[in-house]
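Chemist: Sequence order for the protein chains is A and B. Basically this note's numbering = 1-based index in the first sequence + 1292. Basically this note's numbering = 1-based index in the second sequence + 361.
Because the hints were derived from the structure by calculation, they are not lab data. Be aware that one or more of the hints could be misleading.
As the list claims (entries may be wrong) - With a straight-line Cα cutoff of 20 angstroms, these simulated SDA-like cross-link-like pairs (lysine to any residue) come out: (1) B:Lys-402 x A:Lys-1401; (2) B:Lys-380 x B:Gly-458; (3) B:Lys-401 x A:Ile-1301; (4) B:Lys-402 x A:Trp-1386; (5) A:Lys-1401 x A:Ala-1309; (6) B:Lys-399 x A:Leu-1348; (7) B:Lys-402 x A:Lys-1353; (8) B:Lys-399 x B:Gln-443; (9) B:Lys-401 x A:Gln-1334; (10) A:Lys-1353 x A:Arg-1369; (11) B:Lys-401 x B:Ala-448; (12) A:Lys-1353 x A:Ser-1364; (13) B:Lys-370 x B:Tyr-412; (14) A:Lys-1401 x A:Thr-1304; (15) B:Lys-402 x A:Thr-1297; (16) A:Lys-1353 x B:Thr-465; (17) A:Lys-1341 x B:Leu-461.
To be verified - Beyond 12 angstroms from chain B on every Cβ pair, some chain A residues (computed): (18) Ile-1301; (19) Ile-1303; (20) Leu-1311; (21) Asn-1316; (22) Lys-1341; (23) Glu-1358; (24) Ser-1365; (25) Arg-1369; (26) Ser-1376; (27) Asn-1388; (28) Pro-1402.
All residues carry an ideal CB built from backbone N, CA and C; glycine is no exception.
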Amino acid sequence: AQSVTQPDIHITVSEGASLELRCNYSYGATPYLFWYVQSPGQGLQLLLKYFSGDTLVQGIKGFEAEFKRSQSSFNLRKPSVHWSDAAEYFCAVWDNDMRFGAGTRLTVKP
Amino acid sequence: DTEVTQTPKHLVMGMTNKKSLKCEQHMGHRAMYWYKQKAKKPPELMFVYSYEKLSINESVPSRFSPECPNSSLLNLHLHALQPEDSALYLCASSPIGQVLGGYTFGSGTRLTVV
């Protein structure tokens, strides 16, 4: 079965700094990959998705992600983080159902 | 309407109680899901309904009983729960065979079993 791994449990960045959250997938063919964000006590909101085509995908809230087959990665990036971006971020792969990574908690310092 | 609505938002129940969680969507999605999420953990799939029929049951204990009375509603009936069942229960929906849009999640029901 396909799976995703998020190596970083917790990341802290300063407001205005750039952000990169890591996600690695395990699958030979092109997977269906997603990034979701979850604010405390809330449900998950889809940020962006990748299936094929252009390896750089744009999402909501100024986020983007790049699919790199050579590195089996689908890292999430944002050029300038805002305090409201503090949340839990989940990478996911679809394999007959949505399978989530362990999540990365983002803290934003003022 | 592009939302999944879950009620109640919070629920406290005793171990001998019977309660139900409700999920509703009006996006025409024919796949609906229940997830359980413990603190600081990712969501774990419990049940999947496709065209109002149960298609996946991830070996969930029988004290959790799902029901899909129509294409817009999904219920989760709870009975004789244990304190370790305390968690955030998330409902989600998606079009069948069209995963490209991802899943739409509700805000969840925070369940506390005392």
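Chemist: Next step is simple, just say for each hint if it's right about the structure.
Modeler: Here's how the hints hold up against the structure:
As the CA atoms of Lys-402 of chain B and Lys-1401 of chain A are separated by approximately 23 angstroms, the hinted pair breaks the 20 angstroms bound. The hinted pair formed by Lys-380 of chain B and Gly-458 of chain B fails the criterion: a straight-line CA distance of about 32 angstroms is larger than 20 angstroms. Distance restraint check for Lys-401 of chain B and Ile-1301 of chain A: the Cα-Cα separation of roughly 10 angstroms lies within the 20 angstroms cut-off, and the hinted pair is therefore satisfied. Restraint check for Lys-402 of chain B and Trp-1386 of chain A: the C-alpha separation of about 18 angstroms stays at or below 20 angstroms, so the hint holds.
Simply put, Lys-1401 of chain A and Ala-1309 of chain A have alpha-carbon atoms about 10 angstroms apart, close enough for the 20 angstroms limit, and the pair holds. Using a Cα cut-off of 20 angstroms, the hinted pair Lys-399 of chain B and Leu-1348 of chain A is violated, with the two alpha carbons roughly 32 angstroms apart. Taking the CA atoms of Lys-402 of chain B and Lys-1353 of chain A, the gap is near 24 angstroms; set against the 20 angstroms cutoff, the hint is violated. Distance hint between Lys-399 of chain B and Gln-443 of chain B is fulfilled; the C-alpha atoms sit about 14 angstroms from each other, no more than 20 angstroms.
For the hint pairing Lys-401 of chain B with Gln-1334 of chain A, the CA-to-CA distance comes to about 13 angstroms; that is within 20 angstroms, so the pair holds. Under the criterion of a C-alpha separation no larger than 20 angstroms, the hint pairing Lys-1353 of chain A with Arg-1369 of chain A is consistent with the structure, at around 11 angstroms. Proposed proximity of Lys-401 of chain B and Ala-448 of chain B is supported: the alpha carbons are some 11 angstroms apart, at most 20 angstroms. At most 20 angstroms may separate the alpha-carbon atoms for a hinted pair to count; Lys-1353 of chain A and Ser-1364 of chain A exceed this at roughly 25 angstroms.
Under the criterion of a C-alpha separation no larger than 20 angstroms, the hint pairing Lys-370 of chain B with Tyr-412 of chain B is inconsistent with the structure, at around 26 angstroms. Of the supplied pair hints, the one linking Lys-1401 of chain A and Thr-1304 of chain A holds, its CA atoms being roughly 7 angstroms apart against a limit of 20 angstroms. The straight-line distance between the Cα atoms of Lys-402 of chain B and Thr-1297 of chain A is roughly 13 angstroms, inside the 20 angstroms bound, and the hint therefore holds. Between Lys-1353 of chain A and Thr-465 of chain B the CA atoms are separated by roughly 17 angstroms; this keeps the pair inside 20 angstroms, and the hint holds.
The straight-line distance between the Cα atoms of Lys-1341 of chain A and Leu-461 of chain B is roughly 8 angstroms, inside the 20 angstroms bound, and the hint therefore holds. Consistency note on Ile-1301 of chain A: stated as away from chain B, yet its beta-carbon is not over 12 angstroms from all of that chain's, at 9 angstroms minimum. The claim that Ile-1303 of chain A lies off the interface holds: its Cβ sits roughly 14 angstroms from the closest Cβ of chain B, which is beyond the 12 angstroms cut-off. Separation of Leu-1311 of chain A from chain B is adequate, the least Cβ-Cβ distance of about 20 angstroms exceeding the 12 angstroms criterion.
With a minimum CB-CB distance of about 15 angstroms to chain B, Asn-1316 of chain A clears the 12 angstroms threshold, and the non-interface call stands. For Lys-1341 of chain A, the condition that its CB be more than 12 angstroms from all CB atoms of chain B is violated, with the nearest at approximately 6 angstroms. With 12 angstroms as the threshold on Cβ separation, the claim that Glu-1358 of chain A sits away from chain B holds: the shortest Cβ distance comes to roughly 18 angstroms. Every beta carbon of chain B lies more than 12 angstroms from that of Ser-1365 of chain A, the smallest distance being close to 18 angstroms; the non-interface claim holds.
Distance to chain B confirms Arg-1369 of chain A as a non-interface residue, since its nearest Cβ pair spans about 19 angstroms, more than 12 angstroms. With a least CB separation of 17 angstroms from chain B, Ser-1376 of chain A remains clear of the 12 angstroms interface cut-off, as annotated. Against chain B, the non-interface label of Asn-1388 of chain A is violated: not every CB pair exceeds 12 angstroms, the least being about 8 angstroms. Separation of Pro-1402 of chain A from chain B is adequate, the least Cβ-Cβ distance of about 24 angstroms exceeding the 12 angstroms criterion.
Hints 1, 2, 6, 7, 12, 13, 18, 22 and 27, counting from the list given before, are not met by this structure.
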